[in-house]
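In the order they appear, the protein sequences are chains A and B. When the count follows the working numbering, it moves up by one through the first sequence with no breaks and lands on 322 for the last residue. When the count follows the working numbering, it moves up by one through the second sequence with no breaks and lands on 127 for the last residue.
Keep in mind that the hints were calculated from the coordinates and are not lab data. It is possible that some hints are incorrect.
[As the list claims (entries may be wrong)] Across the chosen pairs, the derived CB separations fall in these ranges:
(1) V269/A <-> Q74/B: 42 to 52 Å
(2) E44/B <-> E268/A: 37 to 47 Å
(3) E57/B <-> K84/A: 44 to 54 Å
(4) A83/B <-> Q219/A: 25 to 35 Å
(5) A86/B <-> R147/A: 43 to 53 Å
(6) S316/A <-> M66/B: 49 to 59 Å
(7) M66/B <-> F57/A: 45 to 55 Å
(8) R51/B <-> A159/A: 35 to 45 Å
(9) A55/B <-> K196/A: 52 to 62 Å
(10) M66/B <-> K84/A: 46 to 56 Å
(11) R56/B <-> R235/A: 24 to 34 Å
(12) E57/B <-> A159/A: 29 to 39 Å
(13) E75/B <-> R235/A: 27 to 37 Å
[Said to hold, decoys possible] Every beta carbon over 12 Å from chain A, so not counted as near; a handful from chain B, in silico:
(14) G33
(15) S35
(16) S39
(17) V43
(18) D48
(19) K61
(20) A65
(21) M66
(22) G67
(23) A71
(24) D72
(25) Q74
(26) E75
(27) R76
Ideal Cβ positions, reconstructed from N, Cα and C, are used throughout, including at glycine.
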Amino acid sequence: MNSYPPKTGACTWLCHVPFYLAILLLAGCAATPQTEALLSGREEGAVLEHELVDVPFFPQDEYQCGPAALATVLADSGVAVTPKQLVSMVYVPERKGSFQVEMMAAARRHDRIPYRIEPELKAVMTEVKAGHPVLVLQNLGLDWYPRWHYAVVVGYDVASGDFILRSGDIKRRVTAFKAFENTWGRSQFWGFVLLKPGELPASGREKDYFLAVSEYAEQGTEEHVYAAMAAGLERWPESKYLLMGVGNHYARNQELEHAVMAYEKVLEVEPDYAPAHNNLAWVLGEQGNYAAARLHAEKAVELGGPYLEQYRLTLSELEKVR
Amino acid sequence: MLSAKMKRYMSCTLIVLMTTAGIQATANAALIGTSQVASEASVELQRDELRTLFAREDVAKQLSAMGVDPADAQERVSSLSDAEVAQLHDNVKDLPAGAGALGTIALVLLILILLDVAGVTDIFPRV
Chain A
1 MNSYPPKTGA CTWLCHVPFY LAILLLAGCA ATPQTEALLS GREEGAVLEH
51 ELVDVPFFPQ DEYQCGPAAL ATVLADSGVA VTPKQLVSMV YVPERKGSFQ
101 VEMMAAARRH DRIPYRIEPE LKAVMTEVKA GHPVLVLQNL GLDWYPRWHY
151 AVVVGYDVAS GDFILRSGDI KRRVTAFKAF ENTWGRSQFW GFVLLKPGEL
201 PASGREKDYF LAVSEYAEQG TEEHVYAAMA AGLERWPESK YLLMGVGNHY
251 ARNQELEHAV MAYEKVLEVE PDYAPAHNNL AWVLGEQGNY AAARLHAEKA
301 VELGGPYLEQ YRLTLSELEK VR
Chain B
1 MLSAKMKRYM SCTLIVLMTT AGIQATANAA LIGTSQVASE ASVELQRDEL
51 RTLFAREDVA KQLSAMGVDP ADAQERVSSL SDAEVAQLHD NVKDLPAGAG
101 ALGTIALVLL ILILLDVAGV TDIFPRV
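This is chain B alone, in the form it adopts within the complex (with noise of 0.2 Å):
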């Protein structure tokens, strides 16, 4: 059995160590941390890679064929949402370099399809 004296001393240890806990807890749910900071960039990286991509020369000249221009791919690109840009991310990034001509009309084709999905572009139409 616990002394009255003891119990008192665990209780009020308790108490502190609750009470900081709580504190600390707070504080920190205020500060963006380390690894928010880095899903944001995450997002950013990607916005940057799809920039680069549309910008390739076959892709731009493909884009071009079909009837969209680059600058405006380019735009697009800015003006999607985060979760956008990763689901279109996600959907290239397989995608290989320099596949040759049929590669970059699959890709391209595959660019404004997911950018219809998007709801950036509308040139399927749902029939």
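If we strip away everything but chain A, and leave its shape as in the complex, we get (with noise of 0.2 Å):
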């Protein structure tokens, strides 16, 4: 599964033992069957090095790796930020670490997406290679007496069968994939990268791209969202959850027609899809097409789901100018 509840701030030493990992350990030592498939040649096509040499450093004060870490790949996407500012909105003393969401919370802040990426070591160097470092959560201890660290991963070399990375006060630790698989998997390979509205992962899922950007449009502006959305539209031209952003961007801002070839695309991809039935009435009843509009509030109430009640409301709307 691919995300993990930050149940204890990084960079400390912590005894929080949940029983599943006490069986992990008795089931003996972990397996590392990716480093074992990129090492033995199994992956066809892999670039086989890569650094970002670029990527700044910025040494971690005591147990503040989250802020430094943060900053690392903030500055490297464009947000002029020091570790120092980010300490108030992702340093809990009394944890002497960071959690995740917040980290997460604190880049959308600086108008950067956070993306994460796919548990899997070869997600992590196609986002190199594509020149975006990697923040990951590594326990560096064992799982029952956890040592939670964030790091950034800047480069890769498969010959030697090491990761590169800005962590602690180190500014080029080498880590071989075997380590790192073990550390950056007690986290439940727990990484991300940020985006700038736009831009979009190298590695990745539609669904995943959608739910980053629809949680950064909460404090995004109007034009970025759009910006996220349309650019994950050139890479996955038939997303409904994507075309459904594009399209109320559209009818928010009145452009209606706009609207109603977003929904209509949705429609056709997936004919029985209540809420595009439901925005394109409403948008067509904005038109003043009310026989159409009707049509598709009614196939919205007849689908149901979830959202009944809206489609309802939509009906009703409509119902009262006939």
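Bring the two chains, given one by one in their own frames, into a single complex with the hints.
Dropping the structure here:
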């Protein structure tokens, strides 16, 4: 599964031992299947080495790897910020660490979209190759004696089997694939890249991307959210979610014809998607095309789903103008 | 003190403002917003992840060993309600991948218990 709750702050020594991690230990040493696959050359078409030498480096103060790592990726993404400025946003003194959700929220507050990458070494390499340093959460200790730590992957070399990280007070920390798979794996492979609105991750999936953008949408400007959705549509032109997002943008801005096109495209992809029928009905109603609007509103009510009440409301509004 | 003219002007402005605000509210109330689409997408994503989990070789094997057809388990994921998907996903997402045989058994047991709780299976009888 690719989400992991922020049970503890990072950079700390804590003794939080969930029972299943004890099971993990009983089961013996963790295998590193990804490393084996990479090193035995079973992964075709991978670029063999790459390093982002220009990624800035902020040596961390005591325990404050969260602010340091976040400042590293933000600065690389063009946001002028120092770890000190981030401390109040992401550092919890009591925990001597930073929570994962807060790391992502702080990135959003700086107008960047944090995108959680797939839990794979290959995804890290793909992003680094595309110029995106990857912020990762590692457990440098053991499951029953954790030492959580945030670092930033800036390079890799398949020939020597190493990743290169900005980590703690070491500017170029070299970590073997195997060690990295173990330390990163203990956080369930938690890591993200930062995207400027309109920029796409090199790896990744449509739904994850849409969700990342929609979380960013809560504080991003209308134009930036639109840019992010539109960029996603270039890669995933049939994404019903991204089409809905773009359609809603047009509807809110009274660009009704564009909105109609977006919702109609959703219905081409998925004829029985009730929210698209509902929103199309609403826009057609705004255009004064009540007959067509009612048909779509009736279809939405017929299909039902969690937002049935809203579909009924749309229909009843349209009935009023009959 | 405000002049009578000023007062009239202000109340007119207020009436216009309040009416437009009213229209805006009804209008938006009927549009399915992007955050609503997102909450649906996130349930779908969790469902996908559960399917992937159930299809994992070690999990499928263990399910078979416990007498549950992995294909049935896949179908059960489709028939779970959104709330049940969220609950099941919440409970299994922390489990480590590739945790070895014991980890898989623990995982599958947990899946079965949770499916039971959700009323999808009925393996563990309540005495």
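Enumerated hints in conflict with the structure, sorted upward: Failing hints, ascending: 1, 2, 5, 9, 14, 15, 16, 17, 18.
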